[in-house]
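Q: Reading the sequence shown from the start, the letters are residues 1 to 180 in the numbering used here.
If you're looking for bench data, these hints aren't it; they were derived computationally from the structure. Careful, some of the hints might be misleading.
[To be verified] Within a straight-line C-alpha distance of at most 27 Å, the following computed DSS-like cross-link-like pairs (lysine-lysine) qualify:
#1 Lys170 - Lys180
#2 Lys69 - Lys80
#3 Lys42 - Lys11
#4 Lys108 - Lys125
#5 Lys125 - Lys80
#6 Lys96 - Lys146
#7 Lys39 - Lys19
#8 Lys80 - Lys96
#9 Lys39 - Lys11
#10 Lys80 - Lys133
#11 Lys108 - Lys80
#12 Lys125 - Lys170
#13 Lys97 - Lys69
#14 Lys48 - Lys9
#15 Lys146 - Lys42
#16 Lys170 - Lys69
#17 Lys69 - Lys96
#18 Lys48 - Lys97
#19 Lys97 - Lys108
#20 Lys146 - Lys170
#21 Lys69 - Lys11
#22 Lys96 - Lys125
#23 Lys42 - Lys97
#24 Lys48 - Lys146
#25 Lys69 - Lys19
#26 Lys133 - Lys170
#27 Lys108 - Lys133
#28 Lys9 - Lys19
#29 Lys146 - Lys108
#30 Lys96 - Lys133
#31 Lys108 - Lys96
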Amino acid sequence: KEGTSIIAKGKFDINLEEKGGDEIGTLVAAFNSMARELKVAKEELEEKSRYIEVILNNVATGIISTDNKGNIVLLNRAAKIILGAEGEEWIGRPLKKVFGSELKQEMKTFLREAKAASDNRSIVKEVRIRLKKDITFLRASLTVLKDEEGMAEGFIIAFDDITHFARAEKLATWREIAKK
């Protein structure tokens, strides 16, 4: 009983003393073996989790993950830089509050299109938002995270800051107009 409560707490460094070669001894040996296997599996999962975290924090694309209610679960380093976020202040906050009322309707349309996509494809849009008292242009891709039954569990938004491209394009257009 003591061994199972230790395992239940997530501690797998347990080795019960085997006493005898009867059924109880066999059961204790099997329990110890299971504890060792659980420890290895937990370590492998933790290592993979750290690896994924390193990848997410080193890509240049901003990535936001939300739950099915739109509350932010993950915000990678690039997203924080692009959006001007500090620390973990945005984690748990509703996405619509982060982006403000300016984009509320556009986000609703974005979410509606993504939910309606039957083949689980991403919806890509170019959006314009006001960040740090300046206009920022983003190319964003929204994907619905669906469970086995096809129900929305959350969303992933991947985005890049394309402000310099948008401004260069606008400048080129004005130059063309000025030439005529």
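Q: None of the hints should be skipped; say for each whether it holds.
A: Structure-based check of all given hints:
Between Lys170 and Lys180 the alpha-carbon distance is near 16 Å, which keeps this suggested pair within the 27 Å criterion. Straight-line distance between C-alpha atoms of Lys69 and Lys80 comes to about 21 Å, which keeps the hinted pair within the 27 Å bound. Taking the CA atoms of Lys42 and Lys11, the gap is about 10 Å. The hint holds against a cut of 27 Å. Annotation: proposed proximity of Lys108 to Lys125 holds, straight-line Cα distance about 13 Å (limit 27 Å).
A hinted pair counts as satisfied when its Cα atoms are at most 27 Å apart, and Lys125 with Lys80 qualifies at roughly 20 Å. With a C-alpha separation of about 21 Å, the suggested pairing of Lys96 with Lys146 holds against the 27 Å cut-off. In summary, the hint linking Lys39 to Lys19 is supported, as the alpha carbons are separated by about 23 Å, within the 27 Å threshold. At most 27 Å may separate the alpha-carbon atoms for a hinted pair to count; Lys80 and Lys96 meet this at roughly 16 Å.
With a C-alpha separation of about 8 Å, the suggested pairing of Lys39 with Lys11 holds against the 27 Å cut-off. Annotation: proposed proximity of Lys80 to Lys133 holds, straight-line Cα distance about 16 Å (limit 27 Å). Distance hint between Lys108 and Lys80 is fulfilled; the C-alpha atoms sit about 22 Å from each other, no more than 27 Å. At roughly 18 Å between alpha-carbon atoms, Lys125 and Lys170 fall within 27 Å of each other, so this suggested pair holds.
Taking the CA atoms of Lys97 and Lys69, the gap is near 12 Å; set against the 27 Å cutoff, the hint holds. In summary, the hint linking Lys48 to Lys9 is supported, as the alpha carbons are separated by about 21 Å, within the 27 Å threshold. At most 27 Å may separate the alpha-carbon atoms for a hinted pair to count; Lys146 and Lys42 meet this at roughly 25 Å. Between the alpha carbons of Lys170 and Lys69 the distance comes to roughly 36 Å, so the proposed pair goes past 27 Å and is violated.
A distance of roughly 10 Å separates the Cα atoms of Lys69 and Lys96; the hinted pair therefore holds under the 27 Å criterion. Restraint check: the Cα-Cα separation between Lys48 and Lys97 comes to about 32 Å, which exceeds 27 Å; the hinted pair is violated. In summary, the hint linking Lys97 to Lys108 is supported, as the alpha carbons are separated by about 13 Å, within the 27 Å threshold. At roughly 38 Å between alpha-carbon atoms, Lys146 and Lys170 are farther apart than 27 Å, so this suggested pair is violated.
Taking the CA atoms of Lys69 and Lys11, the gap is near 33 Å; set against the 27 Å cutoff, the hint is violated. A threshold of 27 Å between alpha carbons decides the hint, and for Lys96 with Lys125 the separation of about 17 Å falls inside it, so the pair holds. Restraint check for Lys42 and Lys97: the C-alpha separation of about 36 Å exceeds 27 Å, so the hint is violated. At roughly 22 Å between alpha-carbon atoms, Lys48 and Lys146 fall within 27 Å of each other, so this suggested pair holds.
The straight-line distance between the Cα atoms of Lys69 and Lys19 is roughly 53 Å, outside the 27 Å bound, and the hint therefore fails. At most 27 Å may separate the alpha-carbon atoms for a hinted pair to count; Lys133 and Lys170 meet this at roughly 20 Å. The suggested pairing of Lys108 with Lys133 holds, with an alpha-carbon distance near 23 Å, which does not exceed 27 Å. Using a Cα cut-off of 27 Å, the hinted pair Lys9 and Lys19 holds, with the two alpha carbons roughly 25 Å apart.
Taken as a hint, the Lys146 and Lys108 pair is honoured in the structure, with Cα atoms around 18 Å apart against an allowance of 27 Å. About 18 Å separates the Cα atoms of Lys96 and Lys133, which keeps this hinted pair within 27 Å; it holds. Of the supplied pair hints, the one linking Lys108 and Lys96 holds, its CA atoms being roughly 9 Å apart against a limit of 27 Å.
Hint compliance for this structure: hints 16, 18, 20, 21, 23, 25 are not met, and every other hint is.
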